[in-house]
Structures are given as structure tokens and as C-alpha cells.
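These protein sequence lines map, in sequence, to chains A and B.
Using the working numbering, the letters of the first sequence map in sequence onto residues 1 to 216.
Using the working numbering, the letters of the second sequence map in sequence onto residues 1 to 216.
The hints are simulated quantities; they were obtained by calculation from the structure and are not laboratory data.
Keep in mind that a hint or two might mislead.
You can't tell identical chains apart in this list, so a pair holds if it fits in one copy or across any two.
Stated by the list, open to error - 35 Å max Cα-Cα, derived DSBU-like pairs, lysine-lysine:
1) Lys165 with Lys27
2) Lys61 with Lys181
3) Lys63 with Lys122
4) Lys181 with Lys51
5) Lys172 with Lys61
6) Lys63 with Lys143
7) Lys122 with Lys143
8) Lys172 with Lys122
9) Lys165 with Lys63
10) Lys61 with Lys165
11) Lys172 with Lys63
12) Lys172 with Lys51
13) Lys27 with Lys181
14) Lys63 with Lys181
Protein chains: 2
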Amino acid sequence: MINEKVPAAPSIRRLPSYLHIIRQAQKDGYEFISGTVIAQELHLEPIQVRKDLTITGIIGKPKRGYPVVPLIAAIEHFLGWDSVKNAVIIGAGNLATALTGYQEFQLHGLNFVGAFDSDTSKIGGHIHGVPVFSMETLNTQVKNLGATIAVITVPSSYAQETADKAVSAGIKSIWNFTNVKLNLPDDVVSQREDLTSGYALLCVKMDADKPKRILE
Amino acid sequence: MINEKVPAAPSIRRLPSYLHIIRQAQKDGYEFISGTVIAQELHLEPIQVRKDLTITGIIGKPKRGYPVVPLIAAIEHFLGWDSVKNAVIIGAGNLATALTGYQEFQLHGLNFVGAFDSDTSKIGGHIHGVPVFSMETLNTQVKNLGATIAVITVPSSYAQETADKAVSAGIKSIWNFTNVKLNLPDDVVSQREDLTSGYALLCVKMDADKPKRILE
Numbered sequence: 001m002i003n004e005k006v007p008a009a010p011s012i013r014r015l016p017s018y019l020h021i022i023r024q025a026q027k028d029g030y031e032f033i034s035g036t037v038i039a040q041e042l043h044l045e046p047i048q049v050r051k052d053l054t055i056t057g058i059i060g061k062p063k064r065g066y067p068v069v070p071l072i073a074a075i076e077h078f079l080g081w082d083s084v085k086n087a088v089i090i091g092a093g094n095l096a097t098a099l100t101g102y103q104e105f106q107l108h109g110l111n112f113v114g115a116f117d118s119d120t121s122k123i124g125g126h127i128h129g130v131p132v133f134s135m136e137t138l139n140t141q142v143k144n145l146g147a148t149i150a151v152i153t154v155p156s157s158y159a160q161e162t163a164d165k166a167v168s169a170g171i172k173s174i175w176n177f178t179n180v181k182l183n184l185p186d187d188v189v190s191q192r193e194d195l196t197s198g199y200a201l202l203c204v205k206m207d208a209d210k211p212k213r214i215l216e
Numbered sequence: 001m002i003n004e005k006v007p008a009a010p011s012i013r014r015l016p017s018y019l020h021i022i023r024q025a026q027k028d029g030y031e032f033i034s035g036t037v038i039a040q041e042l043h044l045e046p047i048q049v050r051k052d053l054t055i056t057g058i059i060g061k062p063k064r065g066y067p068v069v070p071l072i073a074a075i076e077h078f079l080g081w082d083s084v085k086n087a088v089i090i091g092a093g094n095l096a097t098a099l100t101g102y103q104e105f106q107l108h109g110l111n112f113v114g115a116f117d118s119d120t121s122k123i124g125g126h127i128h129g130v131p132v133f134s135m136e137t138l139n140t141q142v143k144n145l146g147a148t149i150a151v152i153t154v155p156s157s158y159a160q161e162t163a164d165k166a167v168s169a170g171i172k173s174i175w176n177f178t179n180v181k182l183n184l185p186d187d188v189v190s191q192r193e194d195l196t197s198g199y200a201l202l203c204v205k206m207d208a209d210k211p212k213r214i215l216e
């Protein structure tokens, strides 16, 4: 059971930013990109970037750096972003509308095939082209639509029961936008997106004396 | 300049989850909570939790654990969550509507005092009680409303110019929900919320053989 326990999680979290910069280098016509250039763009140490990129299996060449095209392919393959994954989103509110409209996800193979809500005024409508279905149809729709991921954007008090329904419907991967730690079977993986974590970091940065005194 | 470079960032990111669990222990009537209990709840190693909590300055007692009330106060104080911070949100779309409606932020002192948009059909309205103003009034409103934080939820192509306007208006802290790395003056701190990072982690967890092979 690897849930919540990916050893290289901070490295993996940085890969999308690297990909963004390397893709830009490709657009700008570069054949190679150095770890130092990536590091400068992101205010990281070059050694950190080189270490992170070893998990993709691509080796940089001395003085030239990493070959751009193979490196993009390797990062995308490592992340599984070179294959399309169908997802349902449960809770068709503002956050769901924001997420289904986020074009970058499509670039990374995340394909929203259906949204679900218990609000009858939403059912039958669409959010960014994604049809909104009744919660009662979750089981059949997950199968019909070939969905493997459930993105949960319901109010936190409904998080666990929603996750249970998704698991019953056959979902094995849950992206959880609530503040609830879900109890899930061992064969279901999950990732919780905690917006208060980013806010915590911003707040500590705002109090500039504190990190210097306590953290260094 | 500490932007993007907070050494204990992973520890700080975990503090909100600890706070959540410790608050629940307080509600349940506990006077002490052990690092082991927190670790179990979050599938972390106890030594990691104890190490993270040292940055708050509170010391646990052998066999009893941490005193709940002082620990809550210490985490909140460390994060600056014991004081109210007024924020403007720029880009009054679906993500802004989701964020202003996220009640947990209020618990942490984040007070949205105004939203800004260039869409005249939105100006004069409200999102979750937060008034929507014209972008032209940003300078005067930031001062009138006493805002110190700008949350940027515009499309990525407008990110830099929006940040420039926020900085011109006197904002010193930016929470950036676009996928653009902003160029900011040295006295402005920022935190970028990258939703693709979480998706990257979920994807790696889904491919369960890969982490075991490459990451362990």
C-alpha cells in the first residue's frame, strides 16, 4: 500500500514545473537544456534539479545538458501523462467548474467524462462541456464512461460517503479536494489537495523574520 | 529574499493537517495528544511528526504527548493564523467563487474583502458576500480595504500583468493560482498553487509498480 507514502513525493511535485520549462525551451528551438537553466528559472539548486531528473532515467551530457525531446517524453511517461485517463468529478459546484475548465489538465491526459451532483437543477446540464449526471447513476456511468479516477469536490461533510460510493462504482484512484482524510480500501490510491497547505507557506513567507530565525 | 526558498516547506505544509487533528482531539475532550497518534492518522512516521512540531517550540511530555491547547495556539501563532489578513482576489471566476466560499480559510484568518474583474457584467455583484469591483479601482480599494494579500485567479496569460498591478497597488504577498512563474520585486513574497503537482503524485501512485521499482 503506497497511499500517502511516495518517497520521492517532493521530486514528483516539481516535475510538472520542469516539464513546463522544458516544453518552452522546445518551442524556442533548443535541442538541449541544462539543469542549471531549469534551476535558475525555479530558484532551485542545480544539484536538486539533476537529482530529481534521475527518476526519469534520462542522463544529461556534460556541457550540453539534457536532450529536450527525450526528456519531455521521459517525464510524461514517468508521470503516466502520455496516456489518457478518464475521470468523473463528484460535486458539480464552483470548484468542479474551475477544474473542468483548466485546460492544462487535458495536456496531461486528464479527461473529464462526467460530473455528478445531487442537485436536480444541475442534472442534465453541462460544465465546460462535461455532462452532469444524477448521483444515482454513478455506478452505471463509471462503467459506461470508462472512468478510472474520481475527483471529489463535494462539501467536506459528504466526503467519506462520496468516496465510498466512488469505490463501490469501481473507482481505484481518488483526487480528494475536501479537508477529510478518507478511509479507503488498500487497493485504492488517493491524493488530497489541501489548499490550506499553500496558504500556510505563504503566511510563513510573509513573516520574513520567522523563517530566518526558526528554520535555518 | 526568501521567496520559493523556505527550508522547512514540507514541514510547514503538514502543519495544517496536524492542526486539524489536534483541534478534533480538543473537541473530543483530550488534554494531551501524542505524536504517534497524529502520525497514525496521517500515515506518517512518528519521528517525522515530532520533528515537524519542534518548529512550533512546544515540547511534548514523555508518555503523555503534547498539551493540546498550547500546541494549537503555537501552531496558529507560528503560521500567523492567529491574526486576520485581508485579501483581494483578482479574477472573479469559478475558482474565485470556490475559494471565497471555502469556510476553512476564515478559520485561519484569511478574510476576502474584495474581488476584482474586468468583466463589467460581474462588477457590482458579489461572490459569497464579497463585492466585485472594477480592475480600475484596484489601487484605491487595496488601500481602503486594508488588503495585504492578492490571490490571483485570472487566466495564466494575464498573470504577470495582474501581479504587476497588484504590486503597484501596494500588495506585498501574492497567492498565485496560475501556472506562470511571476517576476516580482524582492520585497514581495509569493506562493504558487500548482494543481498539476497533486495530479502528478496521484498518477505515480496509480502506477503502483513504478514507485516500488524506481523510488524505493
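The hints, checked one at a time:
{"no.": "1", "hint": "Lys165 with Lys27", "in the structure": "between (43 Å within a copy, 28 Å between copies)"}
{"no.": "2", "hint": "Lys61 with Lys181", "in the structure": "between (43 Å within a copy, 27 Å between copies)"}
{"no.": "3", "hint": "Lys63 with Lys122", "in the structure": "neither (57 Å within a copy, 53 Å between copies)"}
{"no.": "4", "hint": "Lys181 with Lys51", "in the structure": "both (31 Å within a copy, 22 Å between copies)"}
{"no.": "5", "hint": "Lys172 with Lys61", "in the structure": "neither (39 Å within a copy, 41 Å between copies)"}
{"no.": "6", "hint": "Lys63 with Lys143", "in the structure": "neither (51 Å within a copy, 50 Å between copies)"}
{"no.": "7", "hint": "Lys122 with Lys143", "in the structure": "within (22 Å within a copy, 39 Å between copies)"}
{"no.": "8", "hint": "Lys172 with Lys122", "in the structure": "within (26 Å within a copy, 40 Å between copies)"}
{"no.": "9", "hint": "Lys165 with Lys63", "in the structure": "neither (54 Å within a copy, 40 Å between copies)"}
{"no.": "10", "hint": "Lys61 with Lys165", "in the structure": "neither (50 Å within a copy, 42 Å between copies)"}
{"no.": "11", "hint": "Lys172 with Lys63", "in the structure": "neither (44 Å within a copy, 39 Å between copies)"}
{"no.": "12", "hint": "Lys172 with Lys51", "in the structure": "both (31 Å within a copy, 33 Å between copies)"}
{"no.": "13", "hint": "Lys27 with Lys181", "in the structure": "between (41 Å within a copy, 17 Å between copies)"}
{"no.": "14", "hint": "Lys63 with Lys181", "in the structure": "between (46 Å within a copy, 26 Å between copies)"}
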